[in-house]
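Enquirer: Listed below, chain by chain, are the residues.
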Amino acid sequence: MTKLALHPDRLFPADPSTRAIARRLYERIAGLPILSPHGHTDPAWFDRNELFGNPASLLIIPDHYVFRMLYSQGVPLEELGVPRVDGGSTEADPRAIWRRFASHYHLFRGTPSRMWLDWVFVEIFGLDEVLSAANADTYYDAIEAALKQEAFRPRALFERFNIEAIATTEGPLDPLDHHRAIRASGWQGKVITTYRPDPALDPEFEGFQQNVERLGELAREDVSSWKGYLRAHENRRAYFREVGGATATDHGHPSAATADLSEAEAERLYARVRSGSCTAAEAELFRAQMLTEMARMSIEDGMTLQIHPGVHRNHNATVMAQFGRDKGADIPMATDFVGALHPLLSRYGSDPRLNIILFTLDEDSYARELAPLAGHYPSLRLGPPWWFNDSPEGMRRFRERVTETAGFYNTVGFNDDTRAFLSIPARHDVARRMDCAFLARLVAEHRLPEDEAHEVAQALTYELVKQAYKL
Amino acid sequence: MTKLALHPDRLFPADPSTRAIARRLYERIAGLPILSPHGHTDPAWFDRNELFGNPASLLIIPDHYVFRMLYSQGVPLEELGVPRVDGGSTEADPRAIWRRFASHYHLFRGTPSRMWLDWVFVEIFGLDEVLSAANADTYYDAIEAALKQEAFRPRALFERFNIEAIATTEGPLDPLDHHRAIRASGWQGKVITTYRPDPALDPEFEGFQQNVERLGELAREDVSSWKGYLRAHENRRAYFREVGGATATDHGHPSAATADLSEAEAERLYARVRSGSCTAAEAELFRAQMLTEMARMSIEDGMTLQIHPGVHRNHNATVMAQFGRDKGADIPMATDFVGALHPLLSRYGSDPRLNIILFTLDEDSYARELAPLAGHYPSLRLGPPWWFNDSPEGMRRFRERVTETAGFYNTVGFNDDTRAFLSIPARHDVARRMDCAFLARLVAEHRLPEDEAHEVAQALTYELVKQAYKL
Amino acid sequence: MTKLALHPDRLFPADPSTRAIARRLYERIAGLPILSPHGHTDPAWFDRNELFGNPASLLIIPDHYVFRMLYSQGVPLEELGVPRVDGGSTEADPRAIWRRFASHYHLFRGTPSRMWLDWVFVEIFGLDEVLSAANADTYYDAIEAALKQEAFRPRALFERFNIEAIATTEGPLDPLDHHRAIRASGWQGKVITTYRPDPALDPEFEGFQQNVERLGELAREDVSSWKGYLRAHENRRAYFREVGGATATDHGHPSAATADLSEAEAERLYARVRSGSCTAAEAELFRAQMLTEMARMSIEDGMTLQIHPGVHRNHNATVMAQFGRDKGADIPMATDFVGALHPLLSRYGSDPRLNIILFTLDEDSYARELAPLAGHYPSLRLGPPWWFNDSPEGMRRFRERVTETAGFYNTVGFNDDTRAFLSIPARHDVARRMDCAFLARLVAEHRLPEDEAHEVAQALTYELVKQAYKL
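Chains as they are written, first to last, in the numbering used here: chain A, 396 to 866; chain B, 396 to 866; chain C, 396 to 866.
Any given hint could turn out to be false.
[As the list claims (entries may be wrong)] Here are some of the chain A residues that sit facing chain B, going by a computed Cβ distance under 10 Å: (1) Phe407; (2) Leu453; (3) Gln468; (4) Ser498; (5) His499; (6) Gly505; (7) Thr506; (8) Pro507; (9) Ser508; (10) Met510; (11) Val525; (12) Gly705; (13) Gly723; (14) Ile726; (15) Ala729; (16) Asp759.
[Said to hold, decoys possible] So the derived label-pair ranges between C-beta atoms look like this: (17) A/Glu474 with B/Ala675: 42 to 50 Å; (18) A/Pro747 with C/Gly719: 17 to 25 Å; (19) A/Gly623 with C/Ser619: 53 to 61 Å; (20) A/Leu401 with C/Ala546: 55 to 63 Å.
[Said to hold, decoys possible] Chain B residues, not near chain C, derived (Cβ > 12 Å throughout): (21) Pro408; (22) Asp410; (23) Asp759.
Please keep in mind that the hints were generated in silico from the structure rather than gathered at the bench. By construction, the Cβ of each residue, glycine as well, lies at the ideal position given by its N, Cα and C atoms.
Looking at chain A on its own, in the form it has when it is part of the complex (with noise of 0.2 Å):
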């Protein structure tokens, strides 16, 4: 049986010269409290500080870089107890779910998933032999016992991963009531929301019609109007920002497109839309308009703007159709950004008061459209290796093509974009590893004092985190 150990140096070049700068970076940031300005933890958890369930509800079935490489190699969502849209029978033992993760753990090596659950067997749970299916039931027991005790509520794990502040994300019909709950309970965690008003600004949203309606009603706008609908968001965005503390905005369209049509266009766009007889394009159009109408908003409530294209959700039609959205099967696609974001750009992308965030699964835009504009535009920064991405090699390939054009300054630090809450500090650290060993290696090869290298791992891993949210 082998055993699981992480090693002090993990993650750092093997040179044993830029190994030690590597460390030296390290050993000053790796105590920096966690932000986690981006994220999807179900702010409930904070708020009822219930008791996790069992080892397979927690780790296995609402997780779907799990469950994918799972199902990719043959094993059925059914046993692995990921329920059925038609609410038909799944695995229902939680140890029987474990075991057949246990014996396919194999599968996850060389993947940023292994790095993961490794840090939380080893540092949540204290397990010293790599997982198999000969311990299969000895890690069931021991997580099984752990997550009955206090220490392992999520408000003791919250304080225990030294996070200063986390970034939830709601709807935009969303009340906000965990959050209310939350600042009401004298807790001093701090846990804020994030404004994510697709399912009522994506025409192809399930539900459109009815979101946009509830939207109107929350807002009391009278949303049949294209002004009473932006005052809609409007509106909500301040409950976003006064309920829940929320500093940002999120948007995961399919494209980066933008758009700046004159206001009766766009009233004339509405109509459409709201018709519920959109085409394709028109739909398009919409959400990209509505880039440049949040855009415009965030420059008059200061609010960040974070936009999340690129995506073919939900690829698998069979999937969908049994378990639903948000089952592994999205992919991304070749995504523009040059042409797409030109109108939103046009209009207010000098404007230094507004602070967008890119974020990409099409790492070839990096270096080619990403760096360069945000390299130049006051506006842009460069949000961190997303999904996909958020790997050691991913993270590599993001600096070395990133930082020549943008610099360190045009990024954002980390984001950890998980609901997988025990895992985010082994994200966060895999990030602070990547970055000394990036940083060491241009002090390695004299490309810049390892003074200076200190100031940068520092403002990667907070200030600039702090800034580009304003947290």
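Given the coordinates of chain A, work out where chains B and C should sit on it, guided by the hints.
Expert: Chains B and C alone, transformed into the frame defined by chain A:
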């Protein structure tokens, strides 16, 4: 004169600790037998077992990697003995051709051709100086003398190379006489065929109409109907399995487009295609539909389906007119997989009985599209770096970009994809070394325990190939 | 205050054995003269040989690499003294500009600008602390004082820099008076021009109609006809060769599109273009046809043809309106070469007399398109990493992605492509070091014998430049 030596540590990272790990990993797999599941050797070699020709006809005239490089630097193809379409005269003296090649050998510095050729010179022919104009004749004489010996016949080399199985590739009209004869000969070498139906599947292939007619005759099916045409392919697939031991099909389309037409639509399209007057778009749609039909057949008969898309074939009109196809003028293009494969995958992608292997020449799709697709769909695996990417740097980029999302176990080991028989061991050796080099970095950076890296190296070299190709 | 030192091993890999090889390779080429075959220095400098201005007007105001970075972080261009289109007031005090630059110097960490600037500070001005707000005035005073000395005049620096030849770039209407004067002056410095016909070739260029008119006058050709227009270009090319020593032309189109129209089609298109009312598609087609015409002229007159495609120029409408062209708002786009170049290459690509050098800002095309094209067509060579890619990581990616398919000998050495005269030695030094670093890895990994690496390093630095540009 520089000594020509194959260093035992070649291709391993220079860092001493990483190199030591790479060495340990490599030692355990270096001697494994060769599985060559996709390639273009001539089955007649193994059937007739005749002596190979002279140094030029063996190593230069048929190798487009070699003559394209000389052509790119102004050496006319005529001077290299490449045959003309019109039968016009070209260089007939193999020694003159060899000298031209030798005097340009510096052009190959830094290319995989140089590595493969040097391996052949040292390991097959025992030469020990770097090839140059000065020693061209020494080389020529030594190789010519060797090629007259029994030990250099195809079957002897096959055994010396420790080839456990090799797949050739034949068109759908091929009678497979050589394969039949090999099996009847009592020789133990395992040589199987692969079903490559492009000539009778791609409406833009020269002679498509006649090829379909002949397909029908061979299969004793009425190819005037869509259903009869499909049955004809089913019949030929069965023939390829029975007579040639085929376990896989292969498809070299300009794009990865797939379609899922209704039977009525498909029938109408087939009628258009058969009429000989279809448009380019109809030809593309027909190929697209046929990939989906081939997937269905694969589910039924268990054959592995290989897709090799994204090449602008015969880009140089002058060379095409004078020398014909496959003369080093094939140029890769940007290739979409996400939209292109959607119809096929929506229909059959979730079926774990289906086994599709995707290849690409567009490395941008590795991390963005292919790894997310293969890391989700049970039917998809990723083929190794192909053609221009079958090189040390190409292999490194493949592992770096694919592994973190798809893992190692959604890949299928190495393909040599070559007709250059003598270089096959060298090509497999490069792949083994580069996989060990990649794994050694993971171990050195404490991302994977060394005992697990040994298991992965073994899987990449042997087990995954056997599984993917059902060898 | 951090000491500013240029380490003798800068940019070499940290691994000691690889670094030692890199050092040995570099030592033999470090002192070779500079060949600068493509750039944007002002021939007036070498003609008039006047003292340069103040530190801000020399190093900041004309350098879009520098001011774009400060602008991206909210520093208005007015505060950096960039002149306004309307002549409105901008910062007039060079010392104030310098202080703003100095206080933002940390933004350049990790960028090539930082390396070039530090080299200039140390090697040209003898400064020995890293620039910061604290020592901004010390810097300013030292540089200002130096710029008043004879040794800092253009010709003295040219000689000190060991420049064997430098090419400037002029529009087709330029009388080349400075080049004429340089030649008449008796000074030995070799300064040649390059024919950049865009202003009288691109229908979307400002003033195109008048430019063509003037072209006809200068060439004494009747440009009302297509044939006369072509003769006018032929005439100006001859003038550029005779008066300015030109050996090359240069073309900066939005795409790499080429066309091969019949004469009748071309005549009709020219008439449309001359009428001033052509569409965007017609303008694109005209540029495409003209590239093919220029290729024909190159075969006839021997000039090297450079293509620099793929930039969305002046992306920021606000900056364009206020400050005009070339203000750091040029953004690269995805660029196709395979289809785009097909018409030209089908016509002339197999002619070894033709010498085309391709540049790209879309690195994805390196391995996928450009290396396969250059590794086949006798007429094609690949230019060095350009603009945003003229950086250590950009150079590394270029060699890693290009070499295995195109080899070294289908590349053409380095271009500095700059108007920042003082940084020219620094830029060439980065390229030499990065080439040696790449070669050292090949040697350390036993992929290339060291004696051959020495030959390659020499070729990349000197011979290939001379050949490609006929210097």
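Enquirer: Which numbered hints turn out to be false for this structure?
Expert: 2, 4, 21, 22, 23
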